[in-house]
Amino acid sequence: MIRPVLLAVVAAAALAFPHVVTANYFIHLAVLAMVWMIVAAGTNVIQGYAGYVSIAQGGFMGIGAYSSALLSLDAGVPVWLAISVAPFITALAALIAGYPSLRVRGHYFAILTLAMNMVIYIVLVNWIPVTGGEAGTTGIPAPEPISIGTLEISFERRVNYYYLVLAALALTMLIVTAVVRSRVGRVLEAIRQNETFAEAAGVACWKYKLFAFVISASLAGFAGALYAHYMSFISPAPFSVDHSLNAILAVILGGSGTLTGPLVGAALTVALPEVLRIAEIFRLIIYGFALVVVVIFLPRGLVPWIADLAGRDWKLPRAQSAESR
Amino acid sequence: MLVDLLQQLFNGLVIGSIYTLVALGLTIIFGILGIAHFAHGSVAMFGGYLTYFLILALGIGVFPAMALAMAGGALLGVVLERVAYYPVRNAPPINSFIIALGLTLIIEKSNLLLFGVDQIIVPTGFNRIFTIGGLALPELRIYILLTAAALVVALTILIQKSWMGMAVRAVAQNRAAAILMGINVHAVSMFVFALSSALGVAAGVLVGALFAIAPGVSGGLVVKGFAVLILGGLGSIPGAIVGGLVLGVSETFASAFVSSAYKDVIAFLLMIGVLLVKPEGIMRRSVAR
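Chains as they are written, first to last, in our numbering: chain A, 5 to 329; chain B, 3 to 291.
Just so you know, not all the hints are guaranteed correct.
Which stretches of chain A does chain B cover? Using the computed rule of at least three CB atoms under 8 Å from a CB of chain B, they are [stated by the list, open to error]:
#1 99 to 107
#2 111 to 122
#3 291 to 297
Quick caveat, the hints were computed from the structure, so don't treat them as lab data.
This one's a predicted model, so the numbers in the text were calculated from it and none came from an experiment.
All residues carry an ideal CB built from backbone N, CA and C; glycine is no exception.
So that you can see chain B by itself, here it is in the shape it has in the complex:
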């Protein structure tokens, strides 16, 4: 029984680490620009497909392919920001929101057009399974956990230590003051979109390696991402990390011990529960935005 629990905990953390990656991208975009970037899930799926085809076409390993796809995703993110979100930056928030819905449709269905309707699994070649005291730890899942952890650490260093990261934090804290200090907010916006789209692509690749990529996956992914945001507090990076793991673990436990058909309902119930009890999220002491 204990082994069972530990096994589900491990599985939950693996899935949760992917949710964290999705949520981190969403949370920095929301924290800096106040945009609920619904197309993030479709961007993630685009990255997953791209990685798959890069691996097949170039014969390279999963990590180089993922790096290339992340660069591609970053470029896509910048294009989205410039073409779609930039023109409505001063309009009421509902406008950027509807733009996001439009982008979701465009990217989601373009994926379908470009990559077909068949579900694909990103080939990794990590097939070994380690067993420690009855606990099955597949190599693939360990690598997913490590990759996600490495990306989270890299992001934290980037945001905390680099000059651009400082600019990002400054804009998040006080946009007007940041502009007065000579920070180019347009550059910050593009940087944020590039960064979060690259993270999203990484999440898409990990989903594709762990489960599969198919049309319709992105909607679920982006809702999970937002559920994490609500759980951890919109715009909070530590909140996204903790929230992602909490969602992953509770979902895994629910599907193992309650019902797997309804496991996606968990995210919704968690959101409602948090909003009723602590609307600012579990990691926030006060509402900053």
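So that you can see chain A by itself, here it is in the shape it has in the complex:
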């Protein structure tokens, strides 16, 4: 009963947000937070459900960002089309990279994805004729305005871009929810809990793992494309390994394997450094400590923990779920 009400309240708040908080700075933060929510929701599919850590999400975000930006800048493809194609280009890259990597389990996979991110970064920095190298690519156009009757919606305006990203986030959540609630989602959870058993039960695990990896990557690519056309300037820096770790932190912090957890985690990783007003280097040290402390003391993340606390206050004390330890 609480759940749909909560959902409606959050949706209403998200829709009203740019009219209540009109300062550009906060709308800007909200857009960035939602971009990261899309990345984190994708990361959650492979990390939270399938139980495989991918350290390449930042790199895949870069592939999406650059392919969308370059398609619209150099090839003259309409921006709407470029943004829609970017997730598929990223998916293709993930498919090629994931096929050999997912034949192995656990740590091997994480190490390979880390190397993947580094390769993507090296290419972005060194392929200067196409990517512009460290100097980056400028003048990336915003999506073409939409005309409804006499009303023209320009995405040069921050508020309108906010709604665009909000819609993208809603679409992402629909896709992720559909995936994890389907048979595929249950298979992924089975793989996380015991891959050998799943295999023994006749599941071709690698197909499901590859699917989860590709979905995660293409959502990161989608977020990257939205980011590129929002900022109108991209350089390799935001697509480094540090930012892949950021996505992992968002999932762990909020609660991996839950639908809402990664969103909360992503919002926190964007909001906290702004609120605390700290230098980049301290931010990353604090992130490191946050990862260690959360994994040791709150291995299920904030959202399940708060839900448990709330449940304890409202209802009868509930037995600790078996999964918590």
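Since the structure of chain A is provided, determine the placement of chain B on it from the hints.
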């Protein structure tokens, strides 16, 4: 042309010997504890910085400074094991993995905070260059090769001959049986972390003497280390030695004859290639873990 090839082979072996040191630390931690210790590269860099500042502050030679830094690294390793990895020893492996990522961030950025952003080169004073038939053999590189070889031999003796080494091997083979035989696995864990962190520090010092230490070097180093592990088989000491040299040589050849900007891609391609063809590594006959 032959001289060219031999020259690149020598350079490759020197770099490869450093990769071997990094990989040895990673492989014993993985073999004993099943942890992919991502922070190893940052620990190595910490050791490099520490050695540099010890040399400057105390006016001692590179080898005594390195020994002190290795002791410091061993201590750091024990602290990491106790504070961060020990609490999650019974949790799913993904937890210790995420701890490792957190530690990487903490140590990496603390290095930045403690030692600054400037790149440093560990001063050695080994500046002579021997020339043998057109082959240039810098004194420094010979010492690096010898230091790495000495450490590998020392490690092998320690693991094969000492009582603690026997305990380490016992835990690697069968943890439960080792506990039943009265081996203190907690002590073994601490020992392993101390040992591998000291090796990592040595690798960091050698990198600092050969190239330079700067923020961001550690990530590349740890990926190379893991590439070696995949090449040689996770948990295998001979695999780490052979894999390290293979990676070093192939990287040097690639940067000399193909492209130096993309030389770091070699490690990735080698990993993918090995995983496709022989996922258990080139030195392993069967998968033990």
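Do the hints match the structure? See the list:
no.	hint	in the structure
1	99 to 107	holds (count 3)
2	111 to 122	holds (count 9)
3	291 to 297	holds (count 6)
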